[in-house]
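J.: Listed below are the residues making up each chain.
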Amino acid sequence: MTPYLPSLFGGMLLGASAVLLLVVNGRIAGISGIVGRLLGGYQVPANIAFVVGLMAGPLLYAATYDRYPAVTIAAPWYLVLASGLLVGIGTRMGSGCTSGHGILGLARFSKRSFAATATFLAAGIITATTMGILR
Amino acid sequence: MTGLSYARLAVAFLSGMIFGFGLSLSGMVDPARVLGFLNLASGHWDPSLMFVLGGAVLIAVPGVMLQRRMKKPALDTRFHLPEKSAVDTRLIVGSAIFGIGWGSAGFCPGPAVSALSIGLPSVPLFVVAMAAGMILHDRLLTRKRL
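Listed in order, the protein sequences are those of chains W and A.
For the first sequence, the working numbering assigns the number 1 to the initial residue and increments by one for each residue that follows.
For the second sequence, the working numbering assigns the number 1 to the initial residue and increments by one for each residue that follows.
Keep in mind the hints are simulated off the structure, nothing from the lab.
Do not take every clue at face value.
What the hints assert, rightly or not - Heads up, incomplete: computed chain A residues facing chain W, CB under 8 Å, no partners named: (1) G3; (2) L4; (3) F21; (4) L23; (5) L40; (6) W45; (7) G54; (8) G63; (9) K84; (10) A105; (11) S114.
Keep in mind it's a predicted model, so treat the numbers as computed, not measured.
C-beta: ideal position from N, C-alpha, C; glycine also.
Bound-form chain W, shown alone (with noise of 0.2 Å):
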């Protein structure tokens, strides 16, 4: 238990930060959606405010712990390619990704993100495994 401690807190301020934007702003949470309205030119300052403050967050991590957080990325370029732009198209249509369908969908008992986690993440264990055992 105690390994995945870190995970745990860090999850529940994914929730807190969530609750923050859906009970003060009104809006949510959900990256996909918000990197897409920046892109389409909607509520552009808001988003933008969001995305930079999204990208502070690991150097407040490293601020507090003297590290940055670990990102490795194992994927070649083309794979990586690829990948960003199954997540783009995937993400649009689906109306959601991890954030705005996994956290907040499941906590507003929706059933499109019931259905919409449930089908992203088995696609995304079926892929991993597979390229897993592949490689």
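Knowing the structure of chain W, use the given hints to seat chain A on it.
T.: Same frame as chain W, now just chain A:
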């Protein structure tokens, strides 16, 4: 801009920063940790993602209960919530495409945007490709409805 809209910007920034800090603390900003969960055949499966999602929902559920008792958010005239309720083909196909992309490099939108400040070249590559995918979808695959 009014004082109210400045306050909303400050809250959006703060919410984003707490989110980015939470991703860092939880380890989910690291695609290797995410793949450690998604790849069941690695031989050293990492259940962290379940704790992250569990912790997040644990806090978000009472937050949503609170929101449902409020007539309007503290700094706006109404809540801006998704209105669709039907599970349709686009939702499932889109989520499956997202899942395939997520499982192939370990990045989803939140961690990828957050990790832009870390300074690894693969991160902006992913984010630019993701933005291109979003624009491609919104321009070609849908009638504009954001």
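J.: So which of the earlier hints does this model not fit?
T.: Hint check: 1, 2, 6 fail, others pass.
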